[in-house]
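With the hints as extra help, turn the sequences into a complete structure.
So you can see what is in the structure, the chains are spelled out below.
Number of protein chains: 2
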Amino acid sequence: MSFNRLFHPRGIAIIGASADLSRIGGHPIKALKASGYKGGIFPINPKYPEMHGLKCFPDVMSIGSPCDLAIVAVPAPAVAQAICDCGKAGVPFAVVLTAGFRETGGEGRTLEAELKRAVAESGVRIIGPNCQGMLAIQERVWAVFGGVADETGLRPGSVSCAFQSGGFGYGIVNLAEAQGVGFRYCVSTGNEADITTPDLLSAFLDDPGTSLAFTYLEGTPDARRFLEIGRKSLETGKPILVWKAATSDTGAKAAASHTANMTGSYDLYRAAMRQSGIIEVDDVEPIVDIAKLFAQQRLPRGNSVGVLSISGGSGVVFADRAAREGLALPPFSEPTLAALRKIIPSFGSAQNPADVTAGVFNDMSLFTSTLEIVLADPAIDQLSVLLASISGRHVMRAAQAIAAAAAKTDKPVHVAWSARREKSPEAAEILEAAKVPFVTTPVRLAQAVSVLARFAGDRRRLLPRKAPPPGAPKGLELPPGETTLSEAESKAVLQAFGIAIVREVFVAAGHDVGAAAKDLKGPFAVKVVSRQVAHKTEAGGVKLGVPPEGLAEAARTVTDNAVKAVPAAKIDGVLVSEMAQGLETLIGVINDAAFGPAVALGLGGVLTEVLKDVTYRIAPFDIETAHDMIAELRAAKLFDGYRGKPAADKEALARTLVAVSQMAMALAPRLKEMDINPIFVGPAGQGVAAADALIALKA
Amino acid sequence: MSFNRLFHPRGIAIIGASADLSRIGGHPIKALKASGYKGGIFPINPKYPEMHGLKCFPDVMSIGSPCDLAIVAVPAPAVAQAICDCGKAGVPFAVVLTAGFRETGGEGRTLEAELKRAVAESGVRIIGPNCQGMLAIQERVWAVFGGVADETGLRPGSVSCAFQSGGFGYGIVNLAEAQGVGFRYCVSTGNEADITTPDLLSAFLDDPGTSLAFTYLEGTPDARRFLEIGRKSLETGKPILVWKAATSDTGAKAAASHTANMTGSYDLYRAAMRQSGIIEVDDVEPIVDIAKLFAQQRLPRGNSVGVLSISGGSGVVFADRAAREGLALPPFSEPTLAALRKIIPSFGSAQNPADVTAGVFNDMSLFTSTLEIVLADPAIDQLSVLLASISGRHVMRAAQAIAAAAAKTDKPVHVAWSARREKSPEAAEILEAAKVPFVTTPVRLAQAVSVLARFAGDRRRLLPRKAPPPGAPKGLELPPGETTLSEAESKAVLQAFGIAIVREVFVAAGHDVGAAAKDLKGPFAVKVVSRQVAHKTEAGGVKLGVPPEGLAEAARTVTDNAVKAVPAAKIDGVLVSEMAQGLETLIGVINDAAFGPAVALGLGGVLTEVLKDVTYRIAPFDIETAHDMIAELRAAKLFDGYRGKPAADKEALARTLVAVSQMAMALAPRLKEMDINPIFVGPAGQGVAAADALIALKA
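Top to bottom, those sequences are chains A and B. Per the working numbering, the first sequence starts with residue 234, numbered consecutively. Per the working numbering, the second sequence starts with residue 234, numbered consecutively.
Note that these hints are calculated values from the structure, not bench results. Any given hint could be a false lead.
Pairs involving identical chains hold if they fit within one copy or between any two copies, as the list cannot separate such chains.
[Said to hold, decoys possible] Here are the simulated BS3-like pairs of lysine-lysine, each with C-alpha atoms no more than 30 Å apart in a straight line: (1) Lys754 with Lys883; (2) Lys931 with Lys280; (3) Lys870 with Lys486; (4) Lys656 with Lys263; (5) Lys656 with Lys271; (6) Lys845 with Lys870; (7) Lys797 with Lys699; (8) Lys845 with Lys878; (9) Lys707 with Lys271; (10) Lys486 with Lys575.
The structure is reproduced here in structure tokens:
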């Protein structure tokens, strides 16, 4: 849907307008007058014929002029009626500032349900409730209360944002603006009873005036949409920055009493962000720095950066952070080095990160040459210039040289400079005019540069990927109702989706185990099969390393044990399986309330259980994404062979992950969770084999 | 030694003074005049009778007035002579700005050696060479060149600092000062040919005017002194912040061509910092925030913090970061909650982190009450107030309330506030006057609050610790020269220091293996013993799981294999060992050039080799420190039992680590390195047993 009239309203009604400008119902009136909003301002309050020099209306239906937005500040019990009135009056959007809805529990929840009904029936789309309102800065729309109502001087720009905490969100806006970021749309979304964060992010990407969007998010039931939004971000080249908050237990509890948004699994949010090219941030400074770098509107062709500093330490700490963030500082090529060595004094360094020393400022043409030499090196994708805290004449001339060099290249060029702006305002203005971003420290610059490189890399890497189509195999039938499939049934489902299992045979109760297993190679795993015995090992229902001659006894034992443990269990029989060899891994599927089906991959045993070395992706996904999962494991090296063991069949594991992701989508309406644990990855070329599996279904 | 005359010089000579104030030899003259330095300023230059209105001297011996500091700016080949002149003239300190010493290699290295001789012979103590100089701000000493020579308005304060990169260090000073930090002594140390970073840090701790010290450090051969400095920091309650740079390969290479300081092992720096209560930082913002919080001069009694915010999101992100940093946000006690609930509206939250909502500002006594209620809760050790970006009247009254509440408690009280100072300067001044620190974002505040808690915790935790005395057992004799001890010899050394080894017997070549092993319990490990065969496994010199009846053959095989692999090897015999049981770990000792002996602990197999799950401490250390090492392993949970295995004997492992640390100290003059790998940790109460060991000695 189009939010055009929300962001460009011809007129704005304030329902619950207050004669007291210090009250919530007064703030937007004060702000809209101060901001210079050009459309109609319509206070709604039946008690007054006029207010603050404006005609006051008894209700929104009486306005009689074009009105595209209502700001609602009446008490919570009156909000639903106000929305219905908007519907009658043909006002398409409302911003509900009022709090006291589901975040307060009890009656508040009832009021929110009523409000949602009013939204559905009236067709009015709302922001909030329990929000601080929105800004459309270029349009001078200040539909807000609180401190931001007084901040009508905010710098216009091309950053748009949505945040689930109004006070905190406008704090971010304030701080970012003070550091040089300009804004376009800012929306405090509150409880998101109607319009959600993903709705807004999507609209920001569609907006030609927005070049970067960020959101502060506690959680959303709409989380799966981040996949589509991330893709659109890569396609449009406009980055999306997400601050996923409430990642800690205490944080999640605090969020629950705040806007009561579903905070969800941080693991899955991270997976979705990585999978779709969304940039994760966790404080204001990164937002500022990243926004500045992207504002240059240049993306690097590769992952390398050349560094020129006038102080050795700056280069060192830049290199340290770059290494941590996976950014490459390759050695300069021989011609580059030779050219630099002619310029840089012996106590400096021509190697990347080069220390040109402050001496180059004695002859500014030398500094210009160093810039041009490094930019001409084809192995260098970006140039970072580290100016420490120089001021005065030096920095002005340095700024001119950098601006000139940046104009002659399409590579990103950026600066770390820690002097106070007020000491050298001209230098700052020269860089700004040339669209050369500058941030305060080399560490912050390295961090932001790495984000720029990663986003550009994600465009190359992720955009060509296509998730496989879902599609269930013909004839697959699942038992009705909430139930857990037995191991044999679970494995049959896996096989139907082309997932390899260990060589094994199911022997129905009462049949000859030895005869049934005659084509298999011992030793064996013998396991009881019963839907009622989900925890087979704990029930004594598993025997490992059973030799062929011990099969009959093992089958008896596991059956007896299982019956003892779960007397009501219906025993279907036993599974006799070859003992699989290879690297022990596990694959899980969860069907998340916000993301839907997601696949987990972990390494078996201690690595998963003690170190939580598990990685996730939202299903479905392609084989490249599956390889990303494998590579992301902290112990991924194990796949390349370890202590004389052969390299594992990563290709087969990746194919299996893709198949599991397709299976998860196909079964989604019925799937509660699934565990394939362990699944052994054989030596390269020899495939994988699921040794155990459990599928839990919902009704 | 006392740096009193360095920091409070009665007169300052500038050797190599320049008539051109834009040259390095002119900068300090300009700066000292601009700063208002009250002592004598003595330009030294034989070409001029006077300079910049000052009497100019042909050499430093001719000054004839008290002069405690020389600033040296002559070319590198003339610097050693300048220092000798200072010695003759009785000038005790010099700051050598000149570059072109060991950082340039070749001839520069020779010049630095000459300079060091001049220092030793003259008794003059020097800062530098290749440095940007030093400031003593209260004394108006501006012994510097470069941009900082123009920055004579820097705010005085109680933070002192030393940095191995002048340009970058003064960049940090600039940026920190712009954010409200005041400085006392700032020293650019350059190549540290004489006075080192640890010398200065120690002097800062002795200085009554310094309350916090930080250093930017690439490396120092003096690194072991950090242990003593950390301890002194805890004793005095003055924190030391260390930015250890050059932690990446590229960073280390860049540092090598910068000041050529030995960058050393980051693992050991981190170990030393953790071991001694030094605070690690890695960018400017943390320095600023931590300095602000410590300036309140209050330390919390415990690890908990109470949070009051006026915006839910601020509390959420504070809680997220606090959780990551190990800070506790405990639930408020029942009386606290009951009292808060009477004040906080239903759409806020009384639970820690509490969201009091902006509504409390309508009646400021309510806000005051919330502050007092939380501060009175005995379970709360610090109070963080999150004000988002409120401005104007509200923030002024909030600042008054916070200042008043802070005055009534000795608990740390701090504020996150992201409005621009210039919009509400009175509020900033009220907080500053009350010594209530404020930082810009809730995340940064949580980070700094966690550092405050950790430092206070380290005082309680680390100060009572006493490293055990070294001391070699009587009669311990090591073979002369550089050599590697055989496994049997290495184990004998371990045993001499009380370290348990597996039950085993050494069987000299030609003796009956079966008879020798008759008191041991099979199966056995059989290993060849020869100093020349250090890599036994690779040489085929090890057989595991050998039954008693296979001993003779196994002994023959390992001997034959070893001789085949290392034909020149002198075979002493074989070791027959019981196969040890328990959790596989490894203990290593390195004898580091900067730190001396240090002990490493890792978990056996994949955890150490693939995940680098290894932890370090500098030797010697006590049992509490050993327990810290164990707890620091990412897979530490394994010690508590896993998949039905019993809990491991952590106490015995800790005692062993202490013994190894003592052994490392005792053997330090001869020790190259030592590996005890594996050493098995048995079930609780059953001790540890070293299964293999290798000691390499230097001459």
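List of violated hint numbers, smallest to largest:
Hints 2, 7 and 9 contradicted; others consistent.
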